[in-house]
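Here the protein sequences come in this chain order: A and B.
Going by this note's numbering, the first sequence opens with residue 1, and the numbers climb by one from there.
Going by this note's numbering, the second sequence opens with residue 156, and the numbers climb by one from there.
Calculated from the structure, these hints are not laboratory results.
One or more hints might be untrue.
[Claimed, not checked] Which residues of chain B face chain A? A few of them, derived with a C-beta cut under 10 Å, are:
| id | residue |
| --- | --- |
| 1 | A157 |
| 2 | D163 |
| 3 | S178 |
| 4 | Q200 |
| 5 | R229 |
| 6 | T238 |
| 7 | E239 |
| 8 | S240 |
| 9 | R244 |
| 10 | G248 |
| 11 | P263 |
| 12 | L266 |
| 13 | V273 |
| 14 | L274 |
Note that CB positions come from ideal geometry on N, CA and C, so glycine has one too.
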Amino acid sequence: MAASGAEPPCRCETLEVSAEAAAILLSFAMRESEAPAVEVGGALERLSRGLRPLEGGVVREALAQDIAACVRALQFHDRLIQQLAVIRNLLTRLTDHPLPQMAGFGALRWEELLTALRERLAEDSHHELFELLLRTGGVAPGAAAEQPDGTSELF
Amino acid sequence: MARILAVDDSPSMRQLVKLALSSGGHEVDVATDGVEALQAAEKQQFDVVITDVNMPNMDGISLVRELRRRSNYRFVPLLMLTTESTAERKQQGKAAGATGWLVKPFDPDRLLSIVSKVLT
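So here's chain A without its partners, still in its complex pose (with noise of 0.2 Å):
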């Protein structure tokens, strides 16, 4: 059977329209999240405001605690939003700096294809998300030492 004319195109070609494919579809999403969540935010806020005139009493205990579950929780999409950021910043990185040949996913060049992504991290956040996701041992030296969420520290 004769070969149509075209090339299929290399593996490296395909993921780099993947990668900035993936980071698109990332953005999208982020956004779309986005007034939902200040949807909810709005009203909270709104039942909150309608609390304050009520004087105390086990029902208002109870809608005010069920309030500040609710803003606790809420916070998760601005962690949510955080990570995927990251995501969508290295996938931005990866079209912008061609990745080595990755044909055959060889221990060698998985190994290497790892050192040059570690190489584009910027913070240490981002080392442990990186880290996480791969699963190659868990959260980086020195993760012990943070603070765990949702505690503080004055200096």
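Chain A is already provided as a structure; the job is to place chain B on it using the hints.
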């Protein structure tokens, strides 16, 4: 009651911080990044500034550094409210002049109690 400036590039986080602080009787203004916050801080005096770290145009650590250069903000409590929790980043915040470091997600009552503490 204090006049507080909350700085965050996330619209939902601005809302939540404002909601938490207003429920404690504070008057809250918001800014979307360090540049907007500096403009707001020059127009009026705030008793406390609560800022995110990672923001476009000007990040929270640069904002704290800039505010500390102004005589009217030299002793004003400046709190960082961020998902960043590494010792290195905290040290940068402290060196810039931050009063405290709060890791998101925040608890509304805890935030109010910290604001009361830094105001006394």
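Here is how each hint holds up against the structure:
The interface hint given for A157 (chain B) is violated, since its Cβ lies 16 Å from the closest Cβ of chain A, which is over the 10 Å cut-off. The beta carbon of D163 (chain B) is positioned within 10 Å of a beta carbon in chain A (closest approach about 8 Å), and the interface hint is therefore held. Using the Cβ-Cβ criterion of 10 Å, the hint placing S178 (chain B) at the interface with chain A is satisfied: the shortest such distance is roughly 5 Å. Of the supplied interface hints, the one on Q200 (chain B) is violated, with its beta-carbon coming no nearer than about 22 Å to a beta-carbon of chain A, more than 10 Å.
The interface hint given for R229 (chain B) is violated, since its Cβ lies 15 Å from the closest Cβ of chain A, which is over the 10 Å cut-off. Satisfaction of the interface hint for T238 (chain B) is found here, the shortest Cβ-Cβ separation to chain A being roughly 6 Å, below the 10 Å cut-off. Hint status for E239 (chain B): holds, given a least beta-carbon distance of 6 Å to chain A, under 10 Å. At its closest, the beta carbon of S240 (chain B) sits 4 Å from a beta carbon of chain A; the interface hint therefore holds under the 10 Å criterion.
Of the supplied interface hints, the one on R244 (chain B) holds, with its beta-carbon coming within about 7 Å of a beta-carbon of chain A, less than 10 Å. Hint status for G248 (chain B): holds, given a least beta-carbon distance of 8 Å to chain A, under 10 Å. Among the interface hints, the one on P263 (chain B) holds; its C-beta lies about 5 Å from the nearest C-beta in chain A, closer than the 10 Å criterion. Below 10 Å, beta-carbon pairs count as interface contacts, and L266 (chain B) has one with chain A at about 8 Å; its hint therefore holds.
At about 7 Å, the closest approach between the beta carbon of V273 (chain B) and any beta carbon in chain A falls short of 10 Å, and the interface hint on this residue holds. The interface hint given for L274 (chain B) is violated, since its Cβ lies 12 Å from the closest Cβ of chain A, which is over the 10 Å cut-off.
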